Amino acid sequence: AQTVTQSQPEMSVQEAETVTLSCTYDTSESNYYLFWYKQPPSRQMILVIRQEAYKQQNATENRFSVNFQKAAKSFSLKISDSQLGDTAMYFCAFMKQSGTYKYIFGTGTRLKVLA
Amino acid sequence: DTGVSQDPRHKITKRGQNVTFRCDPISEHNRLYWYRQTLGQGPEFLTYFQNEAQLEKSRLLSDRFSAERPKGSFSTLEIQRTEQGDSAMYLCASSESNSEQYFGPGTRLTVT
Chain A
1 AQTVTQSQPE MSVQEAETVT LSCTYDTSES NYYLFWYKQP PSRQMILVIR QEAYKQQNAT
61 ENRFSVNFQK AAKSFSLKIS DSQLGDTAMY FCAFMKQSGT YKYIFGTGTR LKVLA
Chain B
116 DTGVSQDPRH KITKRGQNVT FRCDPISEHN RLYWYRQTLG QGPEFLTYFQ NEAQLEKSRL
176 LSDRFSAERP KGSFSTLEIQ RTEQGDSAMY LCASSESNSE QYFGPGTRLT VT
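These protein sequence lines map, in sequence, to chains A and B. Residue numbers in the first sequence follow the numbering used here, run continuously in steps of one, and reach 115 at the last position. Residue numbers in the second sequence follow the numbering used here, run continuously in steps of one, and reach 227 at the last position.
Heads up, some of the hints might be wrong.
Said to hold, decoys possible - Here's a subset of chain A near chain B, in silico, CB distances under 10 Å, partners left out:
| # | residue |
| --- | --- |
| 1 | Val13 |
| 2 | Arg63 |
| 3 | Phe64 |
| 4 | Asn67 |
| 5 | Phe68 |
| 6 | Ala93 |
| 7 | Ile104 |
| 8 | Gly108 |
As the list claims (entries may be wrong) - Here are the simulated DSSO-like pairs of lysine-lysine, each with C-alpha atoms no more than 30 Å apart in a straight line:
| # | chain 1 | residue 1 | chain 2 | residue 2 |
| --- | --- | --- | --- | --- |
| 9 | B | Lys129 | B | Lys172 |
| 10 | B | Lys186 | B | Lys126 |
| 11 | A | Lys73 | A | Lys96 |
| 12 | A | Lys96 | B | Lys172 |
| 13 | A | Lys70 | A | Lys55 |
| 14 | A | Lys96 | B | Lys186 |
| 15 | B | Lys126 | A | Lys112 |
| 16 | B | Lys172 | A | Lys73 |
| 17 | B | Lys172 | B | Lys126 |
Think of the hints as simulated: they come from the structure by calculation, not from any bench. Quantities reported herein were computed from a predicted structural model and do not represent experimental measurements. We put the CB at the ideal spot given by N, CA and C, even for glycine.
Pulled out of the complex, with its shape left as it was, chain B reads as follows (with noise of 0.2 Å):
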């Protein structure tokens, strides 16, 4: 399977946990972008990373949330101390130059 993976794809955790999400895109996409989805709504753009280089942050992104995307590979988004809005569905993209995106299933995450 060639397409962009994601890990794990359901987290249900605690109010004050840290959560760590992992996205894999393709591997010759250079752009890697990640958005949250809550339920009834369309994706919203949280942050965009040109090979490792993380060059765009939404102001969604509270200093709660940190995203890395070592060596321009593989990425990860940490949410620490969760609260319940933070309950939503992560979604990971990838993609070549200014061509479409190409999503991952997403992590969906739960905050009790």
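So that you can see chain A by itself, here it is in the shape it has in the complex (with noise of 0.2 Å):
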């Protein structure tokens, strides 16, 4: 079975700082996709960026960056020049490349920007 462990349950950074959330998984699939997902207060939750195992490269989008380690099972989120609308609850998720595609997710991190 796959697990996603978040172990920063509360982190906060200076508005137009730069902030890393971690995230580790446990898996013996070889092929998988790795997601975060924004949650913000009371709205739904949105997909910030994912990343495809077997891709080397990290994935980026805008100010939102990973650190993709396959070997280290580890997949750190980089949020460079943080706004206000950052603020929210974010989400490491894992998705098996077969079958149903469910998603597991680790238990967030609450992220408060401060202006």
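Hints are included, so try docking the two chains, each in its own frame, into the full complex.
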């Protein structure tokens, strides 16, 4: 069975600074996807970034980038130039690339961006 | 709005009552998922549909829970004889093939 661990329940960062959220996972699968989702207060979950396990290059989306270390089973999210609108719960998710493609989520990291 | 929609957004019910939630996925998506999210936790998988076929159910889905997706379009999740432990946010998501999932706003259930 797969597990996803987010060891930082809460973090804060000053506006315009950089913050890194950590995620580790455990799996015996070789083909899978990893995702970071953002859940703002009282709003729906939206995709921030995705990474295919077979790709060595780390994914980037504007101010968001990941550090994917497949051997270490680590998948951290770096947010550069933090903005007040980045305040949210961030969830790391694992998806096996077969079967039902269901997600296994971590417990989340609550990020607060301070003005 | 072409996103995933869920109805109702909030539901308060008394213990022992039945409740039903609806999810309308993105129209071209053939895969539909239900998750449950409790306070301080990440969403947990409940069940999965590919078109109208329910292909997987989690052990979290007791026999009081039933889900349907007639004609492979919208889906309903029914909870019979609700218990206080059923209080949670129920999330619906849809996807095409093996791509990322798009989530609805959720239905927050409170059982008193």
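Tell me if A/Phe68 is really an interface residue toward chain B, meaning its C-beta lies closer than 10 Å to one of theirs. It is violated, given that the least Cβ distance between A/Phe68 and chain B is near 16 Å, above 10 Å.
Hint check: is the beta carbon of A/Phe64 less than 10 Å from a beta carbon of chain B? 14 Å, violated
Hint check: is the beta carbon of A/Asn67 less than 10 Å from a beta carbon of chain B? 20 Å, violated
So if I understand the rule, the pair passes when the alpha-carbon distance is 30 Å or less; does B/Lys172 with B/Lys126 pass? OK: B/Lys172 and B/Lys126 at ~23 Å, within 30 Å.
Given hint A/Arg63 near chain B, where the shortest CB pair must fall under 10 Å: 19 Å, violated
Taking 30 Å as the top limit, are the C-alpha atoms of B/Lys172 and A/Lys73 close enough? 27 Å, holds
Is it true that the CA of A/Lys96 sits at most 30 Å from the CA of B/Lys186? At roughly 27 Å apart (the allowed maximum being 30 Å), B/Lys186 and A/Lys96 satisfy the hint.
Satisfaction of hint between A/Lys112 and B/Lys126, Cα-Cα up to 30 Å: Between B/Lys126 and A/Lys112 the Cα gap is close to 29 Å, so the pair holds against 30 Å.
Holds or violated: A/Lys70 with A/Lys55, Cα cutoff 30 Å? Within the cut-off at roughly 10 Å; holds.
Hey, does the A/Gly108 contact hint survive, CB to chain B under 10 Å? 5 Å, holds
Do the numbers back the hint for A/Val13, that is, is its least Cβ distance to chain B under 10 Å? 21 Å, violated
Pairwise hint evaluation, A/Lys96 against A/Lys73, where the allowed Cα distance is 30 Å at most: Since the Cα atoms of A/Lys73 and A/Lys96 sit roughly 14 Å apart, the hinted pair holds (cutoff 30 Å).
Against the hints set out earlier in the document, violations occur for numbers 1, 2, 3, 4, 5.
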